[in-house]
Amino acid sequence: MTRIVMLAATALVLMVAAVFFPFLELSAGGMVRRSSLLDAVLAFSSGMMLPLTFATAALIIVLPTLRLAGIVYALAPMALGWHPARHAVPVFRLTQALRPWAMAEIFIVGVSVALVKVAGLAKLSFGPAFWTFAALVLVTVLSDNYMCRLTVWKTLEERRRP
Amino acid sequence: MSGPVPQQIPPALTARAAGLVACESCGRVHRDGIAQCQRCGATLHSRRPGSLQKVWAWLFAGIVVYIPANIYPMLLTTSFGRTTENTIIGGVIELIDYGSFGVALIVFVASVLIPVGKFIAIGYLALVVRPGARIGRGSGLRGRQHLYEVVEFIGRWSMIDVFVVAILAALVQLDFAATISPGIAAVSFSLSVAFTMLAAQSFDPRLIWDAEEGTAP
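Chains U and B supply the protein sequences, listed in that same order.
Position 153 (the first sequence) corresponds to 153 in my numbering; numbering is contiguous.
Each position in the second sequence, counted from 1, maps to that position plus 1000 in my numbering.
Same shape as in the complex, but just chain U (with noise of 0.2 Å):
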């Protein structure tokens, strides 16, 4: 439990760094184009697009760091042998429910194709906030792999506050 506790607070570090910091560069003509993550959630903010706009937002920034305090918030006091939260057991549950929304990796597969793409416009290189990104979608899928739904269910119910 300590374990998945720490991979998501690293993964909290770490997205708050993947938001700020420079994600792609791309050169062409002597033109240099740097764009950090937001510049990718703002691209659909003009008229019809901008529905859109707030799903990528959603889908790639906000729940992921939603789900992963979700995690911490849940689990630290438990993983320091404290009673949970006071209200860890709707969070777990909202956790649990938002797993499917929370789309990091396939951007990360995203910006792999969208660089073949654009490979014979212009050169590319990342910033580093890409690394910083695929580091939290590893330390995300480990931290979802040591989880056991079940255990952490059965725990929180027994340290329930009397």
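Check before you lean on any hint, since a few could be wrong.
[Unchecked claim] From the structure, some residues in chain B lie toward chain U, with a derived Cβ separation under 7 Å: (1) R1039; (2) V1103; (3) L1127; (4) V1128; (5) F1163; (6) L1168.
Treat the hints as calculated values from the structure; they're not laboratory data.
Virtual Cβ for every residue (Gly too), placed ideally from N, Cα, C.
Knowing the structure of chain U, use the given hints to seat chain B on it.
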């Protein structure tokens, strides 16, 4: 090595036959008639009410928005004053022209094969678990469960193409040389993915096993 296989395996005892309800969220079992799980607070249903209706509704919504997703352009590339429009299939063909067959395959699988396969798979599951369905009765139950799990797992990967468009549109803004902007198909495609994910989630996998007992839900 293994002992003799028992000739007659007794039918498994289901929660419902035992008068119990299992919580879908945390796995705890309760006596029948309790509305909320005492451990995790989720609503308890022996079988989700109106599951198939929701599945059909989301599935049709998904199919309807998948049509414009294929007709309208996904990407608008403006290069030296010329604008080219790319649909989903057009993007795949372009990738093949570049010679990157692997990536073309990924995009094709993610945005054509998976959505269409999902429509068919969900429709098939919803058809065969109907009470009184004639096709495929009592056979291949395990296969159906696997099919359901695959559909639920794989659905989200269709979003790849939408993300590709988002990245390209953010990145390729080189004024005159090349500009990429997203097309309207990106919206309907992501809606289609979301709707079919909801269809898969509203499907109650326990209905698959009801067919074995021949009981109506």
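Taking the hints in turn, this is what the structure says about them:
1. R1039: 5 Å, holds
2. V1103: Since chain U brings a Cβ to about 5 Å from V1103/B, closer than 7 Å, the hint holds.
3. L1127: 24 Å, violated
4. V1128: Constraint on V1128/B not satisfied, violated at 24 Å.
5. F1163: 3 Å, holds
6. L1168: 5 Å, holds
Going through the hint list in order, the structure does not satisfy hints 3, 4.
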